[in-house]
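Peer 1: One letter stands for each residue in the lines below.
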Amino acid sequence: MNCKDLFARVKEMQPLVHHLTNNVTINDCANVTLAIGGSPVMATSIEEVADMAQLAQALVINFGTIDDAMYEAMIVAGQAANQKGIPVVFDPVGVGATPFRTNRAKDYLGKVKISVVRGNASEVFALIGGEVQTRGVDAGDVAISKKELAVKAAQQLNTITVISGEVDYVSNGTEVVGIENGDIWLTRITGTGCTTASLIAAFAGSTDDWFAASVAGMSTMSLAGERAKKRLSENDGIGTYRLKLMDEISLMNGDIWEEGVRLI
Amino acid sequence: MNCKDLFARVKEMQPLVHHLTNNVTINDCANVTLAIGGSPVMATSIEEVADMAQLAQALVINFGTIDDAMYEAMIVAGQAANQKGIPVVFDPVGVGATPFRTNRAKDYLGKVKISVVRGNASEVFALIGGEVQTRGVDAGDVAISKKELAVKAAQQLNTITVISGEVDYVSNGTEVVGIENGDIWLTRITGTGCTTASLIAAFAGSTDDWFAASVAGMSTMSLAGERAKKRLSENDGIGTYRLKLMDEISLMNGDIWEEGVRLI
Amino acid sequence: MNCKDLFARVKEMQPLVHHLTNNVTINDCANVTLAIGGSPVMATSIEEVADMAQLAQALVINFGTIDDAMYEAMIVAGQAANQKGIPVVFDPVGVGATPFRTNRAKDYLGKVKISVVRGNASEVFALIGGEVQTRGVDAGDVAISKKELAVKAAQQLNTITVISGEVDYVSNGTEVVGIENGDIWLTRITGTGCTTASLIAAFAGSTDDWFAASVAGMSTMSLAGERAKKRLSENDGIGTYRLKLMDEISLMNGDIWEEGVRLI
Chain W
2 MNCKDLFARV KEMQPLVHHL TNNVTINDCA NVTLAIGGSP VMATSIEEVA
52 DMAQLAQALV INFGTIDDAM YEAMIVAGQA ANQKGIPVVF DPVGVGATPF
102 RTNRAKDYLG KVKISVVRGN ASEVFALIGG EVQTRGVDAG DVAISKKELA
152 VKAAQQLNTI TVISGEVDYV SNGTEVVGIE NGDIWLTRIT GTGCTTASLI
202 AAFAGSTDDW FAASVAGMST MSLAGERAKK RLSENDGIGT YRLKLMDEIS
252 LMNGDIWEEG VRLI
Chain Z
2 MNCKDLFARV KEMQPLVHHL TNNVTINDCA NVTLAIGGSP VMATSIEEVA
52 DMAQLAQALV INFGTIDDAM YEAMIVAGQA ANQKGIPVVF DPVGVGATPF
102 RTNRAKDYLG KVKISVVRGN ASEVFALIGG EVQTRGVDAG DVAISKKELA
152 VKAAQQLNTI TVISGEVDYV SNGTEVVGIE NGDIWLTRIT GTGCTTASLI
202 AAFAGSTDDW FAASVAGMST MSLAGERAKK RLSENDGIGT YRLKLMDEIS
252 LMNGDIWEEG VRLI
Chain C
2 MNCKDLFARV KEMQPLVHHL TNNVTINDCA NVTLAIGGSP VMATSIEEVA
52 DMAQLAQALV INFGTIDDAM YEAMIVAGQA ANQKGIPVVF DPVGVGATPF
102 RTNRAKDYLG KVKISVVRGN ASEVFALIGG EVQTRGVDAG DVAISKKELA
152 VKAAQQLNTI TVISGEVDYV SNGTEVVGIE NGDIWLTRIT GTGCTTASLI
202 AAFAGSTDDW FAASVAGMST MSLAGERAKK RLSENDGIGT YRLKLMDEIS
252 LMNGDIWEEG VRLI
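Protein chains in written order, with my numbering: chain W, 2 to 265; chain Z, 2 to 265; chain C, 2 to 265.
Do not rely on the hints blindly, as some may be mistaken.
If chains are identical, the list can't say which one is meant, so a pair holds when it fits in one copy or spans any two.
The list that follows gives simulated cross-link-like pairs (lysine-lysine, DSS-like), each with its CA atoms no further than 30 Å apart [stated by the list, open to error]:
no.: 1; residue 1: K5; residue 2: K230
no.: 2; residue 1: K112; residue 2: K147
no.: 3; residue 1: K85; residue 2: K107
no.: 4; residue 1: K112; residue 2: K12
no.: 5; residue 1: K153; residue 2: K5
no.: 6; residue 1: K231; residue 2: K85
no.: 7; residue 1: K231; residue 2: K12
No wet-lab data here; the hints were simulated from the structure.
All figures in this text were calculated on a predicted structure; none of them were measured in a lab.
Construct the entire structure; sequences and hints are all you get.
Peer 2: Okay, structure coming up:
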């Protein structure tokens, strides 16, 4: 697994990352994709998503604000991505909160081959059939360690699984990597989960090693969040934090990453 | 009415605030909800909005970019909120500008019990049947003082009414509170009205005193807007202002509020 | 052509700029419209877009995330704008990337009289029937100089044409103006094309000279982008750049523009 080289690689390849995502953080997803070196496209009409996915190097599917029209387009886009062999990164936002989301997520797993699932523990737990107490789209508690959950979900779903948390875990079902970086303020702004999926997809669109891409994407967000916090002054609040986070993502490179990342 | 304690209370309770809102400021609404201590969720599919509203502690309905599908979902969500007894904060964006908006708003008032209406004077005036000259979604002139309008609308609509302006007014039909804080630059960025509704909803989701919550929410925005302006340097424009506003909202607490607020 | 006076004029007239635009940059479009002195409205329901366009002084049509419902509303809004005689600024985002976009764009040109087309070279080239290799919504290469393309497209489409690039070109089919300002970082954040269309529309809603409005709008973005870059410190990334860009747009006036712009 060579994460370090991916930072230069994504800037060189500028992979087109096709997103079918939510209306809340769609702008952040586009800007983060650009910040790391990728090229975002957000087409969602069912009439063009297959064509667009065929042009892309990676696809992000995010359930944040799905409705039926969006869901149908996600199936078409996902199947086109599968046909082309590009990675599909799935962010099961809010799965477990309502039957609608949980059912659509399970249905989706049966129709599209997912490469990487990225969620918080309760979402991933719900995805593999666990009973969760969620509160909307934010993380609830689950009766299993996050590390165990990452491995189990990766095995059961036959994907790479990325679980965000105080320590993040990335597993392909056999290996598991923990990421100790991060900052609690990452949970105080919306969209840091969604944009982590964009980072993973941008890296995965630049390499065949989607496990390395997942570790690189998740750790870029956690390390950038940690570095951004250190750059705050006394009277800075979450507006400034959000700006510094975007700065740090755009400034990240292999050297900064290697020096700052704490993998276990 | 104890507004001061609500700042600690919302952070402790982290109320889930379900929004059915517009695509323009949806990200700001989510971030402001987080900044004050609440937890935002933006689900809009008619198939899940009732379930999500049942999980929530408050509901925001914002007419900014409604279409028929959104409107139908708003009815379902609003009725679920009514059934659960959680507060419904209604932001009648642009009502008075087109017959479509005005008719839908009046129809909505007949189908869902609203707890708090928050708008500018022309929107609220249109809502109670006044003739207004609006310009899109921004404030037009009305032939009644804002204070009078707040009281009259509260009585006629049987809700708490919040009217944003140079002085903001909050009334429950008997009492009326004016808020002298604010800054003209709050009108130079989009979404400060929408996010005020999010603040009110977050507070209202943390207390039974929705009048106090409305005063706390409206005055938080006006005071934060005033404080943000004071933190600008000479060459700062509205980009920096917007960031400082978000900072000030996230830094607001009972002490800062008590020291800075000017109620009349 | 008097661009300089337009900065005061737009602030005085506060033209209502109706947008039917994409979900990615809709917030930026609203804030940029406000920053330059206009008043944005983003209504998209087919039931009200004609009424709203009738209230407006300019209309922006942006293809970023179109679907069939949005497309139908764009036709209704565009025809209402034509009837009232207000300028229609068309941003053919991603045209050339998928047959869906290209066909809809050509269909749209037959149904609505466009005043100004603003795009990158590959989009405009596709619009006039050229064969392009696009990568999603970002610029691809075309086998014609941008200056030539601006003139040719203006003649063929019978509109003013604005082509963004290292040097921007604005043509009405007989005259052509080049704008040498700009910065490569304008391509590292999403939405600087979309918001340029908002600037052009705000100016065009304040004058009958839509050619001057197009030069003023395009050059405001390029000059603001250049000035924003100069204000960055060593560790600033694209988050800070985006904020400074918004600052510079909001601070722009006739004097700053005249001193900084480099037209050829």
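Peer 1: Now tell me, hint by hint, if it's right for this structure.
Peer 2: Each hint tested on the structure:
1. Taking CA atoms no more than 30 Å apart as the test, K5 paired with K230 passes in both settings, with 23 Å inside one copy and 28 Å between copies.
2. Taking the shortest Cα distances, K112 and K147 sit within 30 Å of each other inside one copy (27 Å), while across copies they are farther apart (44 Å).
3. For the homomeric pair K85 and K107, the shortest alpha-carbon distances inside one copy (23 Å) and between copies (29 Å) are both at most 30 Å.
4. When the C-alpha separation of K112 and K12 is checked against a cutoff of 30 Å, the pair qualifies neither within a copy, at 32 Å, nor between copies, at 41 Å.
5. Taking CA atoms no more than 30 Å apart as the test, K153 paired with K5 passes inside one copy only; the shortest distance there is 27 Å, against 47 Å between copies.
6. Taking the closest pair of Cα atoms, K231 and K85 never come within 30 Å of each other, the shortest separation being 42 Å inside a single copy and 43 Å across copies.
7. Proximity of K231 and K12 under a CA criterion of 30 Å is satisfied in both settings, with 26 Å inside one chain copy and 23 Å between copies.
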